[in-house]
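Residue numbers (this note's numbering), protein chains in the order written: chain A, 584 to 641; chain B, -11 to 311; chain C, 5 to 219.
Hints may contain errors.
Said to hold, decoys possible - Mimicking SDA-like on lysine to any residue, the simulated pairs with C-alpha atoms at most 25 Å apart in a straight line are:
| id | chain 1 | residue 1 | chain 2 | residue 2 |
| --- | --- | --- | --- | --- |
| 1 | B | K21 | C | V199 |
| 2 | B | K99 | C | V167 |
| 3 | B | K99 | B | N84 |
| 4 | B | K99 | C | V199 |
| 5 | B | K99 | B | A279 |
| 6 | B | K21 | C | L85 |
Note that these hints are calculated values from the structure, not bench results.
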Amino acid sequence: MRPMILLADGAGRYVSSGVIQISVTNLVIIAAMILVFVLALVLPFPGRHHQDSSDRDS
Amino acid sequence: MTTSTEHRRATRAGRPSTPDSHGFATRPYDLVKEFVVALIVVTLLTVGLAAAFSSPDEKAITMRDWANAAPNDVVATAAGELAGTTTSAGFGPPYNTAADGAALGPLKLQKWAGVTIPLDSAQDLVLIPLAGVTDNSALTDALAAWQSADADQRTQWASDYSDALAQAPDGNPDSVATGDYGPVPVIAAGFLTLANTGGLEGALTSSGNFYGGDQTKSLLLLADGAYLEDQARARNLGGDQWGMMNETGNYPGQPWMWLYTFWYQVPPFSTSENADALVWGLMMLLTLGLALVPFIPGLRSIPRWIPVHRIIWRDYYRDHPRR
Amino acid sequence: MTAVDTDQPPVATPTSWTARVRERISRIVPPGQALPDRQPAYMSSWIYVFGVLTLAALIVVVASGVVLALGGVTWWHVSSLGHFVNSLHLWSVELFFAFMVVHLWGKFWMAAWRGNRALTWMTGVVAFLGSIGTAFTGYLSQANFASQWISTQAKDGLNSVGVGAFFNVMNPAQMLLWHVVLLPLVLGVIVVLHVILVRRHGIVPPIDADEETAS
Chain A
584 MRPMILLADG
594 AGRYVSSGVI
604 QISVTNLVII
614 AAMILVFVLA
624 LVLPFPGRHH
634 QDSSDRDS
Chain B
-11 MTTSTEHRRA
-1 TRAGRPSTPD
9 SHGFATRPYD
19 LVKEFVVALI
29 VVTLLTVGLA
39 AAFSSPDEKA
49 ITMRDWANAA
59 PNDVVATAAG
69 ELAGTTTSAG
79 FGPPYNTAAD
89 GAALGPLKLQ
99 KWAGVTIPLD
109 SAQDLVLIPL
119 AGVTDNSALT
129 DALAAWQSAD
139 ADQRTQWASD
149 YSDALAQAPD
159 GNPDSVATGD
169 YGPVPVIAAG
179 FLTLANTGGL
189 EGALTSSGNF
199 YGGDQTKSLL
209 LLADGAYLED
219 QARARNLGGD
229 QWGMMNETGN
239 YPGQPWMWLY
249 TFWYQVPPFS
259 TSENADALVW
269 GLMMLLTLGL
279 ALVPFIPGLR
289 SIPRWIPVHR
299 IIWRDYYRDH
309 PRR
Chain C
5 MTAVDTDQPP
15 VATPTSWTAR
25 VRERISRIVP
35 PGQALPDRQP
45 AYMSSWIYVF
55 GVLTLAALIV
65 VVASGVVLAL
75 GGVTWWHVSS
85 LGHFVNSLHL
95 WSVELFFAFM
105 VVHLWGKFWM
115 AAWRGNRALT
125 WMTGVVAFLG
135 SIGTAFTGYL
145 SQANFASQWI
155 STQAKDGLNS
165 VGVGAFFNVM
175 NPAQMLLWHV
185 VLLPLVLGVI
195 VVLHVILVRR
205 HGIVPPIDAD
215 EETAS
């Protein structure tokens, strides 16, 4: 039976500041969500000037 | 659609009521197509992410793994179970009545729920599995000596041995100071041997039945030792390491648990014995607050005060300037 | 019974249970609003796609879960195809939560509970919580190191409020069934209610909007 996995292999990358400690992956996910939210707010939604056309994609 | 302009009616409180959404200009929109596109997009994203990043699958720690990697911890845990000093032994409901458990002010929820998963740590986790070992006469004798001793004597032996182990260098049973520990050293050594054979989980889980499925005993035993937590903490999974949000390696964890785990990082929760109940209570309160936002004055007005909606509906506001 | 002309208008208070149920169902959503092919022109923002993205993600979660169920609990540990399906399940869950939270942010800043839509908001919050619970039982069902740690940690929190007495996170046989049967059923009902409410009340108008004159 092989010995247990070395601690370092399982640790993952983390960043910390004061009491806050977060994995790089989670941080990227949260940052991406905020970015997507902001983009969803500011990016123009197509179709504003085509209110009468019937075959618009979303 | 309405055919006349309606002034917004005021509610009794004087706030304008929201008009019916069906009274506004419309434009064509294909909901089903939107859904199909969304499904395709999500499927592609999922397949791409899964192919690129895969998913974690760190093997479970077996009792044999534990015995190989941290034998002293196994011995110390066995002694602790016999002494009644382990976490499970002193837990209280639902396992035993050794303690009342946590309370939320006057609400002793843990105690009121009762002992529904009865467990005698010494018997169920150590002695009963060992009773099945047949080829070790020293162990059999030691078990008999244990069973024939009274409760005080047992506690004395086991506590003294636990303390001695804690003081031995590296917790090594071979370096333990001499003393009267009765049959405990032999029992604990026999327990380590059983763990090494790979048969311990089976003895704990099946408990005489053919089919297992309930890992409670094995997990409680493992958690009574230090090794499981050591491995977890090395992977930033500890409670005071924001562990609830994290995953092994660099895999994505549970970012949505951020607020729940946050409280454990700060006083008074980080220093409280009662942290679990307190955090639960606080999160239930906050969750109720989230659900009742529509009814909470102030909170429900934040979207008005911080007008993010002016961006969302900028097209509408441009076409319908306020009078 | 005498033959009834089906073109006659229904009796004011039908006594037939079937007729009552039918009437009830037909009034849940205004006529034509269950799947309309038009929508209010003020819906002119990308923020509006996150509800349907969440729904789509949920479907991928369930579909990947169904494939995992076909193989059983141990399959994905020994099969590379199984492991890939597990990865699909994990990433669709991450996407599901990400889209759901962005959807929540959008709905908050739109104060989307206005106009008798409080129940829509509340079913959304309950769906969020139910999703967390469902995901939790999923993590417990992985049969690996993560399950060992999560279960032994979570038991402390759950026991502290008495829940652990009947919801034993260290019992995979119980947790798995909650994960694949009980919680998805409950969550499914909540999601259906939520979507029905959306269609029933329509999409909330902009803050301070007036109803318009006919175009």
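Check the hint pairing K99/B with V199/C against an upper bound of 25 Å on the C-alpha distance.
40 Å, violated
For a C-alpha distance cap of 25 Å, please report whether K21/B and L85/C respect it.
31 Å, violated
For a C-alpha distance cap of 25 Å, please report whether K99/B and A279/B respect it.
29 Å, violated
If you draw a straight line from the CA of K21/B to the CA of V199/C, is it 25 Å or shorter?
17 Å, holds
With the threshold set at 25 Å, check whether the alpha-carbon distance from K99/B to N84/B stays at or below it.
10 Å, holds
Within 25 Å, alpha carbon to alpha carbon, are K99/B and V167/C?
At roughly 11 Å apart (the allowed maximum being 25 Å), V167/C and K99/B satisfy the hint.
Checked against the numbered hints above, the structure breaks hints 4, 5, 6 and satisfies the rest.
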